[in-house]
Amino acid sequence: MNTTAEPAPETVNILDQVTLTNDQVALWLGQFHDRYLPGAQRRGMRLERVWRSPAGRDATTVHILWVLPGIRAFYRMRGAAAADPDVAAFWAATDRYALNRQRRALQPAMPEFVDAPEPDPAAPDAASTTGTGPKSGAAETNPTETDSAAAAPTEAGRTVHGTGAHA
Amino acid sequence: MTRWVVLAATMPGSGLDGVRSAGPDLPGSVGGHGFSWDLDANAAPELPTRAEAVALCPVRAGFVPLTGPRIKRTLLLTVRDGTSTDVLAEFEADLSAMPEHIATIRSWALSRVAGRAGPASPWTHVWEQEYATVEGLTGEYLLNPYHWAHVDRWFDGEVPGSIVEPRLAHVFRRSDPPVLTAAASD
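Protein sequence lines correspond, in order, to chains A and B. All letters in the first sequence, in the order written, are residues 1 to 167 by the numbering used here. All letters in the second sequence, in the order written, are residues 1001 to 1186 by the numbering used here.
No wet-lab data here; the hints were simulated from the structure. One or more hints might be untrue.
[Said to hold, decoys possible] Cβ-to-Cβ under 7 Å is the rule here; a few derived chain A residues that face chain B:
id, residue
1, Q17
2, I71
3, A80
4, A82
5, A88
6, W91
7, T94
8, R101
9, R103
10, P108
11, A167
Nothing here was measured: the structure is a model prediction, and the numbers come from that model. In this text, a Cβ means the ideal position worked out from N, Cα and C, and glycines have one as well.
Extracted from the complex, chain A is given alone in its bound form (with noise of 0.2 Å):
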């Protein structure tokens, strides 16, 4: 049942949603943005979307993918997140009044759509067709490609995180 790791995907997604009453989304979002979202760009995290969702009467998910160039970066991230107090000090925060919090690391599941597919032009409506790939909209950026330094030969011995490391 081995789920053989193939050469590091391009990419790692994590996916941060919280749940907060409505009155507390703009101020968590400020926190976020002024707290967290600089030292997580620092650790190398790309902040890739923010949704939100309602989530119940009086609730509202924001859902945060951020991206990473690669496992290697996301283990750097990982030690660099866990040196620092202020992380645990913006999460534990949250924690006091969010009604929900979850994180997962994510792994690409399909292939990415280089290019949008051509619209027939003997279709009806051709002309009002837009991309369908994930890739075609213009708000959309492409991850930054494969972290050579990430993948390189020379990352196998080297200690990528310090302290509060992994498994």
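Go by the hints and put chain B onto chain A.
Here is chain B on its own, set in the frame of chain A:
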């Protein structure tokens, strides 16, 4: 006879009985003192200065025959006080399942700490593996998604529900003889 893991700043003295294997920790090891020993003893071994030892109470283990020298990896970790038995069982099950997903793990053993010698240490568990090569540990083991996208959540302080304290001792070294034997998996 109890199996012990020792983290020390020197090799064991020639008069110390029961040593299965000992050697210098390889670059990339963190949290140790420079050397790690594996030995069997009925009582706490006599330790030099700057050494700590833990006695192992087996939880689960697996034996995979491996000829020749190998890489012996030892992780000492601390599960946070107050963790429920149900959650602890799930954590131990997740760790124990890593060999099912990661082909480079050969023999392995998950143990709880049953006793200590030397300065007070916080360790509650010892997670050990043998690999044929260093790359088996620093490559496949780290890069496998079962590790970083599933098991790591127990260790990641940013994930709600993490239970492992940030301080770890992750040491690995070469060993000519096997450390984790068929008897260890009984």
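| Unmet hints by their number, sorted upward, for this structure | Failing hints, ascending: 1, 3, 7, 10.
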